[in-house]
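Given next are the chains, with one letter for each unit.
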Amino acid sequence: AQTVTQSQPEMSVQEAETVTLSCTYDTSESNYYLFWYKQPPSRQMILVIRQEAYKQQNATENRFSVNFQKAAKSFSLKISDSQLGDTAMYFCAFMKYRGGNTPLVFGKGTRLSVIA
Amino acid sequence: IAGITQAPTSQILAAGRRMTLRCTQDMRHNAMYWYRQDLGLGLRLIHYSNTAGTTGKGEVPDGYSVSRANTDDFPLTLASAVPSQTSVYFCASSVGTSGTTRTDTQYFGPGTRLTVL
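Here the protein sequences come in this chain order: A and B.
Sequential numbering from 1 applies to the first sequence in the numbering used here.
Sequential numbering from 1001 applies to the second sequence in the numbering used here.
Keep in mind the hints are simulated off the structure, nothing from the lab.
Among the hints, erroneous ones may be present.
As the list claims (entries may be wrong) - Straight-line Cα separation of at most 30 Å, DSS-like style, residue types lysine-lysine; simulated pairs: (1) A/K96 to A/K70; (2) A/K70 to A/K55; (3) B/K1057 to A/K73; (4) A/K108 to B/K1057; (5) A/K96 to A/K73; (6) A/K108 to A/K96; (7) A/K78 to B/K1057; (8) B/K1057 to A/K96.
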């Protein structure tokens, strides 16, 4: 079974600064996907970024980027130029690669507070 | 296009009562999922369906049942609610496999907050 570990229950960052959220996972699969989801106080789950394990290049979406280390099974999220609207719970998630879709396995989350 | 809708938004329920949480998507996605979110535990999979007419058990299926009579709807039923089922419930969907294309991104509904007393 796959497991996802987020070792930082809470973090804070000053507005406009950079912050990195950690995620490690355990799997025997060679092909899989990794995701970061954001959950603001509205409760909505919002996809932030995704990474295919077969791609060596780290995914980037505007101010959000990942550091994907496949051998170390590490998938950290970097948020640059932090904004007040980035305040949210962040979940790292894993998905096995199969012919059809497979469910997500989530970490327990990191609560990020951006301070003005 | 609404995406995924869930009803009710929130509910307080007496223990022992039966409850169905509704989930509807208008994106013609093949796969649908139910997760529960508990403080400090993240989201855990309850049941899933890869296509209409099929369902499967997730990590925490006990006390829950699902059906998938058509592509759009995926209701979750608690036959006899217990306080440990107090949680926020999320429905999600994804395209799944369509022809030779496989996509993976899951889209989430707004959630249902359920309190069982």
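Given the hint that A/K96 pairs with A/K73, test it: the Cα-Cα distance must not exceed 30 Å.
The hint holds at about 14 Å.
Pairwise hint evaluation, A/K73 against B/K1057, where the allowed Cα distance is 30 Å at most
The given pair, whose Cα atoms are some 27 Å apart, holds under the 30 Å limit.
B/K1057 paired with A/K96 [C-alpha distance capped at 30 Å]
16 Å, holds
Restraint status (C-alpha distance of A/K70 to A/K55 at most 30 Å)
10 Å, holds
Distance restraint between A/K96 and A/K70, which requires alpha-carbon spacing of 30 Å or less
This hinted pair holds, its Cα atoms lying about 14 Å apart.
Quickly compare the C-alpha distance for A/K108 and B/K1057 to 30 Å and report which way the hint goes.
Between A/K108 and B/K1057 the Cα gap is close to 21 Å, so the pair holds against 30 Å.
Sort out whether A/K96 lies within 30 Å of A/K108, counting only the CA atoms.
Holds - the C-alpha atoms of A/K96 and A/K108 are around 18 Å apart, at most 30 Å.
Within a Cα-Cα threshold of 30 Å, do A/K78 and B/K1057 meet the stated pairing?
34 Å, violated
The structure does not agree with numbered hint 7 stated previously, though it agrees with all others.
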